[in-house]
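With chain A's structure known, arrange chain B on it following the hints.
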Amino acid sequence: MFRSLIFRIKSLFGKKEEGVIIADRKEFAREVKEEFGGNTELLRAIEKGMNKYAPKEEYVSLTD
Amino acid sequence: MEPVCSHNFSSIFRSFENRLNSLFQGNTKVLEGGAVRSPSNSIYYRYRKRIVSKSDTEIEISVFYDKETDDYLYYTYNIFFNNNKLMFHCEPTHKEHFQPHINVYVDDKELKNSSDEGFHILSHKYHPFEILDMIERYLRR
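Keeping their order, the protein sequence lines are chains A and B.
Quick note on numbering: our numbering labels position 10 of the first sequence as 51, and the sequence is numbered without any gaps.
Quick note on numbering: our numbering labels position 47 of the second sequence as 198, and the sequence is numbered without any gaps.
Same shape as in the complex, but just chain A (with noise of 0.2 Å):
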């Protein structure tokens, strides 16, 4: 819980990449789920990426 707040701050006052736009993590997974269905071994790469320095709470699956 705590972790989670400090990533939320961290994410509103971090450095902004510019013409980057920060994706919300659920929406994400879902479009990434949408387009690459069919394809287990790369959605276990992403999930794998999205997942590495998230909060567990934050976590995703794309291979459910």
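The hints are all genuine.
The calculated lysine to any residue pairs, modelled on SDA-like cross-linking and capped at a C-alpha distance of 25 Å, are:
{"#": "1", "chain 1": "B", "residue 1": "Lys200", "chain 2": "A", "residue 2": "Arg66"}
{"#": "2", "chain 1": "B", "residue 1": "Lys246", "chain 2": "A", "residue 2": "Asn80"}
{"#": "3", "chain 1": "A", "residue 1": "Lys89", "chain 2": "B", "residue 2": "Asp217"}
{"#": "4", "chain 1": "A", "residue 1": "Lys93", "chain 2": "B", "residue 2": "Glu219"}
{"#": "5", "chain 1": "B", "residue 1": "Lys218", "chain 2": "A", "residue 2": "Glu98"}
{"#": "6", "chain 1": "B", "residue 1": "Lys276", "chain 2": "A", "residue 2": "Leu83"}
{"#": "7", "chain 1": "B", "residue 1": "Lys246", "chain 2": "A", "residue 2": "Arg85"}
Chain A stretches covered by chain B per the calculated footprint, using a threshold of three residues with CB under 8 Å from any CB of chain B:
{"#": "8", "segment": "62–76"}
{"#": "9", "segment": "94–103"}
Each pair of labels, with its calculated beta carbon distance range:
{"#": "10", "chain 1": "B", "residue 1": "Gln250", "chain 2": "A", "residue 2": "Lys93", "range": "22 to 28 Å"}
{"#": "11", "chain 1": "B", "residue 1": "His158", "chain 2": "A", "residue 2": "Lys97", "range": "25 to 31 Å"}
{"#": "12", "chain 1": "A", "residue 1": "Lys67", "chain 2": "B", "residue 2": "Thr179", "range": "29 to 35 Å"}
Calculated from the structure, these hints are not laboratory results.
Note that this is a predicted model, so its numbers are computed, not measured.
Ideal Cβ placement from N, Cα and C applies to all residues, glycine included.
Quick look at chain B alone, frame taken from chain A:
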């Protein structure tokens, strides 16, 4: 041509986006995507684009870039010429598609060998500006 890396990914694709839109200017029927996106707390950049001209030239792009390994996780550039398609593809985590390659589709069918395996014409890792040059040449004809 400056190679794509995690530090210049967004600026290269922003420039790619502007040049692609200017090529299709005044002649666009369908337009989707176009921004560099990155999910919060994650290691990816993503760029997606679909653009169709009024004369039915279609370009479809999907790119994932891993900031940590500083390499693509996935890219595909589909260039449609009527019922034919050139597909520039790279997917390093895939056991067959790990090398950058080109697939060719003629009359909606993939070119295959006698064992019914699709041809993978091995290529270098394409820079988005090289793809752009190709699109530009095709549109000028």
